[in-house]
Amino acid sequence: MERRALPPCPPAPSPGGASVRIRGLEHEYGSGARRVHVLRGVDLDVEGGGHLALTGRSGAGKSTLLALVGGLERPQQGELRVDGEDLSLLRGDALSGYRRRTVGFVFQHFGLVQVLTARENLELALSLAGVPRAARAARADALLAEVGLEGRAGHRPGELSGGEQQRVAIARALAHRPRLLLADEPTGNLDEEASAMVLELLERLRAESGCTLVVVTHNPAVAARAPRRARLDDGMVRIA
Amino acid sequence: MSHRDALMLAVRSLLRRPLRTALTVVAVTLGSGLLVALTAIAGTADSRIINELGRGGPASAIKVVAAEPDRSAPDSDVLRTGRPRDLDEAAVRAIRRAPDVTSVEGVLQTPVEVIPLPPIRGMRADAKGSDRPTPFEDNLVGADLSRPRDLPVTILAGRLPATHSLTEVAVTTGYLDRLTIDIDHPQAALGTEIEFGAPQIESGSVVHMRGRWFRARVVGVVAQQVGDGDFLVPLDQTRQARSWEIAGGADPDGGRLPTSPYSGLIVVASNLDQVHTVRASITVLGYATSAPEHLVASVLKYLHVVDIVLGGIGTIALVIAVLGIANALLAAVRERHREIGVLKAIGARDRDVLRWFELEAVLVGAAGGVLGAALGLAVTAIVGAVVDGYLVAEGLDGIDLGTIPWGLALLGVLGSVALSVLAGTLPALRAARLPARDAVGSL
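Here the protein sequences line up with chains A and B, keeping their order. Take the first sequence: its letter number 240 is residue 240 in the working numbering, and every next letter is one higher. Take the second sequence: its letter number 430 is residue 430 in the working numbering, and every next letter is one higher.
Next up, chain A with everything else stripped away, as it sits in the complex (with noise of 0.2 Å):
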């Protein structure tokens, strides 16, 4: 696969990866005889640039983590804190605006918007960013070059394998130079081969734009690519 540097997206991206930083963090599902305590006290650190692999069970919190982290919902108790921005004190459009500012998701199912081309997920990624109409197609084109897809642009995910949507969804994630890169099962859907692939790309543009990876994954051979590892047991997080 040709590489390529990625071109220029105003607005400019910070420089280096987002820390994360949590402390004492609960969270509960449903009330009554149907409460589940998901999580129960969790402290983590990840620091600005590192490659962090979440393993657990399954219904351990993971995704649950992983969406507190990436803004998708607020901490209801406990201490959660990117880049020294205190998560729980956004919501609504702010915290619309930190997502799009500073987290780049990758999903098990690829999140892809069906009806559009995989050069238009990416141009709707651009101009959720911000970035002005006549830069996107070009922006979009290196991104599906940057991910070996470029002859793909025009295919929708219906017509694209599950690699391929998953690196499409890899470059949308890029697509606004986020500084916290999120992937929850990105290799769950794929086979061995395409897995390889897809971590081997989110290792090197996870290395080219110095961000921070978190990896949530039940895989223990994907765990085991990621320099620091952590395990979540029973609402808590034990370092590997």
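Rather than coming from a laboratory, the hints here were simulated on the basis of the structure. Hints may be right or wrong, so weigh each one.
With the C-beta cut set under 8 Å, the calculated list includes, among others, these residues of chain A facing chain B [as the list claims (entries may be wrong)]:
id : residue
1  : L72
2  : L89
3  : D93
4  : R100
5  : F107
6  : L124
7  : A125
8  : A129
Some but not every residue of chain A turned toward chain B, in silico, with C-beta under 7 Å [stated by the list, open to error]:
id : residue
9  : A67
10 : S96
11 : F105
12 : E150
Quick caveat, the model's predicted, so the values are computed rather than measured. Glycine included, every Cβ here is placed at the ideal spot set by N, Cα and C.
Assemble the complex: chain A is given as a structure, and chain B must be docked to it using the hints.
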């Protein structure tokens, strides 16, 4: 998210479920089409009925006579007069200057001896077996026939006399009745001739009575009287008869010789609502009037009720149709909850999602509204053509299909869009409030 992005998402999302979208658009089309068609047909029917009330001419026509008004009943539909009062050019100018007056036409009637000339087709023999019509006395009614639309008459057969003709006359159905001609076949009277004799009494120690005789051909049959007489002729004709009558120096009936240049006026108000005001203005000027304003007002009230009922039926159909939009969008929200979560995860705000779904509602409403307006106009044209054919076959005036109600069609489109936006608000709000958390898996 820009409007353009939201529009692209909306269009593509609608095309993802083409059958659902098509059925929703068809429902809105039928609802909107029904509303436009019912309203247009009701409007045409209203015009037709009002036209009938106006007896072919303007329903807002007011008859003015050369007499003072009866102050005890100024608002009566029936003519109530006081003492005679001349209607001269000064009075005509004053009435013409009154607010909300569209036109003023002078009418002059003169007494004549009438001798219908045989042969007359369609005339039945009388009790004595004679088919020769009996001479009788009546009035010639002269009017300016150059603007027939300002006269409250319906032409049943033929045409009105030429503007300055002294040899043509139009007769009313009263004349056909007198001659026992079937009024359902007024054409029978066309082409027949009538001998008229305008009387003159020469005053002096010995009374001499003379007639100014002239012959006129019947060129038309009208349904109503413009004045008190069955014979409508150009104003020139009655002016000559009046001059002849006055030249004798005595009134044929033994009374005072007429001095008023006009025996009456036909005044047309700018619209039906102004008839009462115009009548009041004329009453203040000192002349008696008559107009079917109470009858017209009552009928208009009933027509308004019918309009409301028909419009209500159409509106209910449209509301049911746009509820289909709400249903389809709610299904779409359920289907796309993860997609919505992903959009929020990559930075979309609640209002971006709201705009996306509202635009889907607007697109469906606009498509249905435009198609519905076209359908409604087509249905109106077809129904109008069928009704027109029926009326003409029955010997009645047809209805005017010449004007396409573009304003109504535009209102139909705008109404469909507005209702669609309302219907789309609940699903759009629900979509906008979906948590971004739906983008990732559970726990």
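Each hint, compared with the structure:
no.: 1; hint: L72; in the structure: 4 Å, holds
no.: 2; hint: L89; in the structure: 17 Å, violated
no.: 3; hint: D93; in the structure: 6 Å, holds
no.: 4; hint: R100; in the structure: 3 Å, holds
no.: 5; hint: F107; in the structure: 6 Å, holds
no.: 6; hint: L124; in the structure: 6 Å, holds
no.: 7; hint: A125; in the structure: 5 Å, holds
no.: 8; hint: A129; in the structure: 6 Å, holds
no.: 9; hint: A67; in the structure: 5 Å, holds
no.: 10; hint: S96; in the structure: 5 Å, holds
no.: 11; hint: F105; in the structure: 5 Å, holds
no.: 12; hint: E150; in the structure: 22 Å, violated
In summary, the numbered hints that this structure violates are 2 and 12.
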